[in-house]
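K.L.:
Going down the list, the sequences are from chains A and B. Following this note's numbering, the numbering of the first sequence begins with 1 at its first residue and continues without gaps. Following this note's numbering, the numbering of the second sequence begins with 1 at its first residue and continues without gaps.
It is possible that part of the hints are untrue.
Now the stretches of chain B that chain A is said to cover, found in silico as 3 or more residues with beta-carbon under 8 Å [stated by the list, open to error]:
hint	region
1	28-35
2	53-59
3	82-95
4	98-105
Non-contacting residues of chain A with respect to chain B, defined by C-beta distances greater than 12 Å in every case (computed) [said to hold, decoys possible]:
hint	residue
5	Ile11
6	Ser12
7	Val13
8	Lys16
9	Thr20
10	Asp22
11	Ser42
12	Leu45
13	Asn52
14	Ser73
15	Val84
16	Asp86
17	Ser96
18	Lys97
19	Lys102
20	Leu103
I should point out that these hints are in silico values taken from the structure, not numbers from a laboratory. As the structure is a computational prediction, the values presented were derived from the model and not from experiment. Note that CB positions come from ideal geometry on N, CA and C, so glycine has one too.
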Amino acid sequence: AQKVTQAQTEISVVEKEDVTLDCVYETRDTTYYLFWYKQPPSGELVFLIRRNSFDEQNEISGRYSWNFQKSTSSFNFTITASQVVDSAVYFCALLSKAAGNKLTFGGGTRVLVKP
Amino acid sequence: KAGVTQTPRYLIKTRGQQVTLSCSPISGHRSVSWYQQTPGQGLQFLFEYFSETQRNKGNFPGRFSGRQFSNSRSEMNVSTLELGDSALYLCASSFVRGGDYNEQFFGPGTRLTVL
């Protein structure tokens with residue numbers, strides 16, 4: 001079975017501060033994919049990033065960066081220099097190849113960026 | 001390229017009725033998945049269709065069903081509605097090639113209220 005845990009339910013920051021969102025996953029599969037999605041108040045889930053289990057290279061994309069560590073089953077996500085428009089609920093998700101094309105989501109972390 | 005579209009956006013039904021939700025995937029995407037989002041249970045996978053066949057199913061009662069048409073458009077049906085079916089129903093499409101899975105792109109959702 002797959003499981004995703006986002007321990008932080010809500011984070012409040014002031015604009016321009018950095019925000020790091022934690023994600024811990026569980027799977028017995030050796031081939032899996034990890035994702036981060038953003039859900040603004042409008043409700044639509046917006047895809048942000050995707051990593052494969054065989055690629056632990058951490059990257060930076062604009063103000064977004066992620067830290068994937070298989071040894072600790074963690075896939076943390078950082079927003080640098082946060083902006084008010086970053087206010088949303090962020091979901092970490094796991095897709096285990098053996099289980100097919102279905103996402104298992106964490107409970108989400110609500111990020112509130114204050115001006 | 002147009003995104004995933006869902007109709008209707010909002011729906012109000014009473015207990016015992018049935019409802020049909022529609023989803024049009026991104027052009028070229030043959031995989032369509034459905035998810036239910038509630039405050040209590042979070043985001044949960046309902047089922048996935050690929051080439052008009054249900055490939056994967058989540059832990060939902062048989063009242064929840066779906067289908068996919070030859071143009072990849074998908075419908076989801078809920079019969080004998082219960083109060084607990086009130087939720088945001090999200091449709092997602094993805095491009096699946098060979099045995100690899102890609103990110104799923106979500107529509108704006110249909111918010112169903114059961115009275």
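K.L.:
Next, verify each hint and record whether it holds.
P.N.:
Tested hints:
With 3 residues having a beta carbon nearer than 8 Å to a beta carbon of chain A, the region 28-35 of chain B meets the requirement of three or more and the stated coverage holds. Given a C-beta distance limit of less than 8 Å, the hint that chain A covers the region 53-59 of chain B holds, as 3 residues qualify and 3 suffice. A stretch counts as covered by a chain when three or more of its residues have a beta carbon under 8 Å from one of that chain; for the region 82-95 of chain B and chain A the count is 4, and the coverage holds. Only residues whose beta carbon comes within less than 8 Å of a beta carbon in chain A count, and the region 98-105 of chain B has 6; three or more means the coverage holds.
Chain B leaves Ile11/A outside its interface by the beta-carbon criterion, the shortest separation being 18 Å against a cut-off of 12 Å. Every CB of chain B is more than 12 Å from the CB of Ser12/A (nearest about 20 Å), matching its label as outside the interface. Distance check for Val13/A against chain B: the nearest CB is about 23 Å away, which clears 12 Å, and the non-interface claim stands. Consistency note on Lys16/A: stated as away from chain B, and its beta-carbon is indeed over 12 Å from all of that chain's, at 29 Å minimum.
Every Cβ of chain B is farther than 12 Å from the Cβ of Thr20/A; the closest lies at roughly 21 Å, confirming the non-interface assignment. At roughly 16 Å from the closest C-beta of chain B, the C-beta of Asp22/A stays outside 12 Å, upholding its exclusion from the interface. Non-interface call for Ser42/A relative to chain B: violated, since the shortest CB-CB distance, roughly 7 Å, does not exceed 12 Å. With a minimum CB-CB distance of about 4 Å to chain B, Leu45/A fails to clear the 12 Å threshold, and the non-interface call is violated.
Listed as a non-interface residue, Asn52/A fails to keep its Cβ farther than 12 Å from every Cβ of chain B; the least gap is roughly 9 Å. For Ser73/A, the condition that its CB be more than 12 Å from all CB atoms of chain B holds, with the nearest at approximately 19 Å. For Val84/A, the shortest C-beta to C-beta distance to chain B comes to about 22 Å, beyond the 12 Å cut-off, and the non-interface label holds. With a least beta-carbon separation of about 18 Å from chain B, Asp86/A lies farther than 12 Å from that chain, consistent with its non-interface assignment.
Distance to chain B contradicts Ser96/A as a non-interface residue, since its nearest Cβ pair spans about 10 Å, not more than 12 Å. The claim that Lys97/A lies off the interface is violated: its Cβ sits roughly 7 Å from the closest Cβ of chain B, which falls inside the 12 Å cut-off. Once the 12 Å rule is applied to beta carbons, Lys102/A is inconsistent with being away from chain B; the minimum gap is 4 Å. For Leu103/A, the shortest C-beta to C-beta distance to chain B comes to about 6 Å, within the 12 Å cut-off, and the non-interface label is violated.
Hints 11, 12, 13, 17, 18, 19 and 20 from the list above are not met by this structure, while the remaining hints are.
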